[in-house]
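Protein chains in written order, with numbering that gives the first Met the number 0: chain A, 0 to 410; chain B, 0 to 146.
Calculated directly from the structure, the hints in this document are not laboratory data.
All figures in this text were calculated on a predicted structure; none of them were measured in a lab.
Check before you lean on any hint, since a few could be wrong.
Here are a few chain B residues that face chain A, going by a calculated C-beta distance under 10 angstroms [stated by the list, open to error]:
1) Pro29
2) Gln122
3) Ile130
Derived DSSO-like pairs (lysine-lysine); straight-line CA-CA distance at most 27 angstroms [what the hints assert, rightly or not]:
4) B/Lys87 / A/Lys29
5) B/Lys25 / A/Lys72
6) A/Lys305 / A/Lys344
7) A/Lys29 / B/Lys145
8) A/Lys305 / A/Lys317
9) A/Lys34 / B/Lys87
10) B/Lys68 / A/Lys29
11) A/Lys287 / A/Lys239
12) A/Lys91 / A/Lys32
13) B/Lys25 / A/Lys29
14) A/Lys32 / B/Lys145
15) A/Lys362 / B/Lys59
16) A/Lys71 / B/Lys25
17) A/Lys341 / A/Lys317
We put the beta carbon where it would ideally sit given N, CA and C, even for glycine.
One-letter residues, chain by chain:
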Amino acid sequence: MRTANKILIVFIFTFTALSNVTNAQSDYEKTEKFKESYQQLENDIRNADSLAECNKIAFKIDSLANDFRQDKKLLDAALYPDNFTSAILKLKTQLDTRKNDFTQIVELQTQVVELENQTDNLNRRNTALINEIGTLKNSRKKDSETIASLNRLVSTLRSSIRERDELVKEIIDSLFQEYVNKPLTLNEAERNAFYGKIESGNLFYNVQRTINDNIQLLNVTQFEPDDLESLKEKQVDFKKVWTQLGTKIAKVYSEDKKGLNDVSHINDLFLKWEARVNQKIWESVDEKFQNNGIKLSSFKDGEQFKSVVAAFIDDEIKYSELRDKKDSQKSYSFFVDSTWFKTIKPDYLPILTDYNLLTSAQKDTIENRISKWNAAIEPSAINEIYYYAAGVVLIILLLVGFKKLRKKQQS
Amino acid sequence: MKLRISLMLLMILFAGCSTLTLEPAKFDWPLEAVVTPDDDGIIVVERYSIAVNIADLFLKETENPNSFKGSEVRFIRNVDGYYFITSKGFKSVYVFEADNGTLSQSGKILITENGLNNPAFNQRTPFIELIDGNESYNLSDNEIVKD
Numbered sequence: 000m001r002t003a004n005k006i007l008i009v010f011i012f013t014f015t016a017l018s019n020v021t022n023a024q025s026d027y028e029k030t031e032k033f034k035e036s037y038q039q040l041e042n043d044i045r046n047a048d049s050l051a052e053c054n055k056i057a058f059k060i061d062s063l064a065n066d067f068r069q070d071k072k073l074l075d076a077a078l079y080p081d082n083f084t085s086a087i088l089k090l091k092t093q094l095d096t097r098k099n100d101f102t103q104i105v106e107l108q109t110q111v112v113e114l115e116n117q118t119d120n121l122n123r124r125n126t127a128l129i130n131e132i133g134t135l136k137n138s139r140k141k142d143s144e145t146i147a148s149l150n151r152l153v154s155t156l157r158s159s160i161r162e163r164d165e166l167v168k169e170i171i172d173s174l175f176q177e178y179v180n181k182p183l184t185l186n187e188a189e190r191n192a193f194y195g196k197i198e199s200g201n202l203f204y205n206v207q208r209t210i211n212d213n214i215q216l217l218n219v220t221q222f223e224p225d226d227l228e229s230l231k232e233k234q235v236d237f238k239k240v241w242t243q244l245g246t247k248i249a250k251v252y253s254e255d256k257k258g259l260n261d262v263s264h265i266n267d268l269f270l271k272w273e274a275r276v277n278q279k280i281w282e283s284v285d286e287k288f289q290n291n292g293i294k295l296s297s298f299k300d301g302e303q304f305k306s307v308v309a310a311f312i313d314d315e316i317k318y319s320e321l322r323d324k325k326d327s328q329k330s331y332s333f334f335v336d337s338t339w340f341k342t343i344k345p346d347y348l349p350i351l352t353d354y355n356l357l358t359s360a361q362k363d364t365i366e367n368r369i370s371k372w373n374a375a376i377e378p379s380a381i382n383e384i385y386y387y388a389a390g391v392v393l394i395i396l397l398l399v400g401f402k403k404l405r406k407k408q409q410s
Numbered sequence: 000m001k002l003r004i005s006l007m008l009l010m011i012l013f014a015g016c017s018t019l020t021l022e023p024a025k026f027d028w029p030l031e032a033v034v035t036p037d038d039d040g041i042i043v044v045e046r047y048s049i050a051v052n053i054a055d056l057f058l059k060e061t062e063n064p065n066s067f068k069g070s071e072v073r074f075i076r077n078v079d080g081y082y083f084i085t086s087k088g089f090k091s092v093y094v095f096e097a098d099n100g101t102l103s104q105s106g107k108i109l110i111t112e113n114g115l116n117n118p119a120f121n122q123r124t125p126f127i128e129l130i131d132g133n134e135s136y137n138l139s140d141n142e143i144v145k146d
């Protein structure tokens, strides 16, 4: 019994001594340890790349809170203006926000898979339509039935391409809406997530396909100004979306040669698409002049268009003195009345100026030339007005003189 | 009459000169500050908006004018408003009080002739606890207080 008591006393003494050692701990070190763990958890939350990882972090936050709860009073003072409770709450809020990101991402990825399936179907349908249109265009049969069938196919292709373009834009929006407003530098986890989304959304293929199909559509048919405007608008919108993402995508793929090649190829395709849409608009403008028997030299941009029109009008002014007056007026009427004021100005100038294909200065140059042309072909009419006015003035003067003479005679 | 007026004047004068005392007042920092002096020996504790040059303290303790460079100064204030300063290698804890734009030494508490290895202060009101490895000491503003 005595021995047992001795052992107990030794045990209590040793335990007390150890307790004292444990107690001799710096408050500063404890606080620093808490701050380090806290900082580490904040980094973990920022770099978490899945819901499962977020759940692990939630467990670590609880452990941190439990480990330091006995020092709550110290930490309340040391963490001023925060305190222990608010610091832990802040971590939990940060984690909830991050979890919410992943919940949204999972939803968006499901949506993307659905959109992907729809896009695949439309891609296949478009290929079939383009092939069918090609076959009909190459066939020798040009009867009304063939033409009607061709028009129907083109119309179907247009709506199908429009539908597919919307889907691709939705895919891009779904995939990247969280990245567009972020700073250029993504951390490791964000970069991996971004990379995964590009791959899962089959982004490069779909964007390339969109551009190629739109270029094909431009090749297979003619368009009215309204169609051209919507085609141009779509091309500009798509390019804007791509430009917003392009810098980030290039950064993510900075060490992947194939990825960089894809990005570069898409950039080239966008330039090609833009050039083709612009070309189509200028071709349509030229066609309107040709429909009224006006043959202009070829032009493919605003500067060339201005020069070609100015040169045409200068020639017309020059030859108007040598030609029959009626011929000059007819030429003027076809160009100015039937083409410029009837079609080009109301239907095409808004597109041309809105999308900077024709500057205001270039437009003013053309309209000044038209005014000059007008003055050159109408001089006789102006002279006649002068003659009539002079006659009227003369008659008035004669009448006044005659009245005065009669008054004199009467008096 | 003259006496009365003189007495009243004296009362007014004393009333104007008497000092106002606010109490209780507590000055204790919950946590020590661990700060590194800049090249001129100045340490700054931002949380308590205090800055002081400790070059002369190191000179006095080590007799080396450059010994403050690269050192870590442990700094804390007790409930009565005394400042306690020490550092690794110091034999003592120095106690100061604020005095018209200076910290003037009010005490020096010798801890060990061998110099402190890894000192740290804890606020244990009414004392300041100094720990160094496994050793711990409760300090008043002028001595080690035995348990």
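Checked against the structure, which of the hints given earlier come out wrong? 11, 14 and 15
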